[in-house]
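Undergrad: We have chain A already, so just place chain B on it with the hints.
Those protein sequence lines, which keep their order, are chains A and B.
Note that my numbering has the first sequence beginning at 1, numbered continuously upward.
Note that my numbering has the second sequence beginning at 1, numbered continuously upward.
Hints may be right or wrong, so weigh each one.
Put simply, identical chains are the same to the list, so a pair is met inside one copy or across any two.
[Stated by the list, open to error] Derived PhoX-like pairs: lysine-lysine, alpha-carbon spacing no greater than 25 Å straight-line:
id, residue 1, residue 2
1, 161, 119
2, 104, 32
3, 95, 26
4, 161, 45
5, 32, 161
6, 119, 95
7, 45, 26
8, 119, 32
9, 161, 26
Simulated from the structure, these hints should not be mistaken for lab results.
2 protein chains.
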Amino acid sequence: MSLSLYDVSIPVYQRMLGNLASFLDKAEAHAKAGGPGLETLAEAKLIDDMASFTRQIQLASDAAKGGAARFAQQEAPSMPDTETTFAELRERIAKTQAFLASIKREDVDGGEGRTIELKLPNRTMTFTGTEFLTGFSLPNFLFHVTTAYAILRAQGVPLGKMDFLAGGQALAA
Amino acid sequence: MSLSLYDVSIPVYQRMLGNLASFLDKAEAHAKAGGPGLETLAEAKLIDDMASFTRQIQLASDAAKGGAARFAQQEAPSMPDTETTFAELRERIAKTQAFLASIKREDVDGGEGRTIELKLPNRTMTFTGTEFLTGFSLPNFLFHVTTAYAILRAQGVPLGKMDFLAGGQALAA
Numbered sequence: 001m002s003l004s005l006y007d008v009s010i011p012v013y014q015r016m017l018g019n020l021a022s023f024l025d026k027a028e029a030h031a032k033a034g035g036p037g038l039e040t041l042a043e044a045k046l047i048d049d050m051a052s053f054t055r056q057i058q059l060a061s062d063a064a065k066g067g068a069a070r071f072a073q074q075e076a077p078s079m080p081d082t083e084t085t086f087a088e089l090r091e092r093i094a095k096t097q098a099f100l101a102s103i104k105r106e107d108v109d110g111g112e113g114r115t116i117e118l119k120l121p122n123r124t125m126t127f128t129g130t131e132f133l134t135g136f137s138l139p140n141f142l143f144h145v146t147t148a149y150a151i152l153r154a155q156g157v158p159l160g161k162m163d164f165l166a167g168g169q170a171l172a173a
Numbered sequence: 001m002s003l004s005l006y007d008v009s010i011p012v013y014q015r016m017l018g019n020l021a022s023f024l025d026k027a028e029a030h031a032k033a034g035g036p037g038l039e040t041l042a043e044a045k046l047i048d049d050m051a052s053f054t055r056q057i058q059l060a061s062d063a064a065k066g067g068a069a070r071f072a073q074q075e076a077p078s079m080p081d082t083e084t085t086f087a088e089l090r091e092r093i094a095k096t097q098a099f100l101a102s103i104k105r106e107d108v109d110g111g112e113g114r115t116i117e118l119k120l121p122n123r124t125m126t127f128t129g130t131e132f133l134t135g136f137s138l139p140n141f142l143f144h145v146t147t148a149y150a151i152l153r154a155q156g157v158p159l160g161k162m163d164f165l166a167g168g169q170a171l172a173a
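Pulled out of the complex, with its shape left as it was, chain A reads as follows:
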């Protein structure tokens, strides 16, 4: 048995985006039960100069599809960040999941030493596949999923750590 680059990347994006979608379910149930309304939650932030709940989901989507595209040497589908409602956020997650489901294991595996370039506004970062995964993509992706969770928690939505880790729980026997 050997470690597969696919196994430590694509399924992590998939599982955690699934959990992110389940946060939306709990937020909706909480809104119906008298908690903050969905418009309030969509725009909620931890502090004024941090990104909103909606933006955290867009950034988690970008991290997942951008990471998967780089590992598979493909173009990520463009998604123009126009979401404002929970229905549109669900659709954004679903479109991201559809792209992830299209990624072939054989296009990712073996890419641990492949050069990955990340063009930022003021410079280009160059990584190996392993470095990009561990030093950029997973921390950045999980940052946005965690911050989305934290924003809902700070608004009183009843989420627990096992909602965050749910896919991992299902994985385990």
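TA: Structure of chain B alone, referenced to chain A:
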């Protein structure tokens, strides 16, 4: 070239704990410049029923040393969660880093199919090494580092995403 279980686990804990220590530096500088005092920050939470900044650091430490110990089939050093000051939080991170530095690559690599059991109060979760890494250890560890960051940000400490990803940035050419 093949993917190494060591490379996708131990250095992630090490780099992100280093970044966590740098959040403490920025929080101290901000306190000196008139921001919230260190006692306030140590006890700060996003909402009453979430863990404090101090507790997030203890939990990040537990996730890192517990994960490393399971991958290397060792006992993690016990750390009794008595920290209350920034100096003690720094020491906690340093002790965790010392344990991580003692983990040998050859004790981790090849463990992707090894069974890892996680005993919880009410049940035992069973994973392969890969499943434990991707479905539990990394998401859980990065959850606590991100939440520590979020608590400081919500208190006005001037941190940015590149503080969170700093080690990844240094990795890249």
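Undergrad: The structure should be examined with respect to each hint, and the outcome stated for every one.
TA: Evaluated hints:
Taking CA atoms no more than 25 Å apart as the test, residue 161 paired with residue 119 passes between copies only; the shortest distance there is 16 Å, against 34 Å inside one copy. With identical chains, the CA atoms of residue 104 and residue 32 are never at most 25 Å apart, being 40 Å at best within one copy and 52 Å at best between copies. With identical chains, the CA atoms of residue 95 and residue 26 are at most 25 Å apart within one copy only, with a shortest distance of 21 Å there and 38 Å across copies. Within a single copy, residue 161 and residue 45 get their C-alpha atoms as close as 20 Å, and across copies as close as 15 Å, so both meet the 25 Å cut-off.
Taking the closest pair of Cα atoms, residue 32 and residue 161 come within 25 Å of each other only inside a single copy of the chain (22 Å); across copies the shortest separation is 34 Å, beyond that limit. For the homomeric pair residue 119 and residue 95, the shortest alpha-carbon distance inside one copy (24 Å) is at most 25 Å, but the shortest distance between copies (37 Å) is not. Both within a single protomer and between protomers do residue 45 and residue 26 lie at most 25 Å apart by alpha-carbon distance, with minima of 18 Å and 21 Å respectively. In this homomeric assembly, residue 119 and residue 32 never come within 25 Å of each other (Cα to Cα): the closest approach is 43 Å inside a single copy and 36 Å across copies.
With identical chains, the CA atoms of residue 161 and residue 26 are at most 25 Å apart within one copy only, with a shortest distance of 13 Å there and 28 Å across copies.
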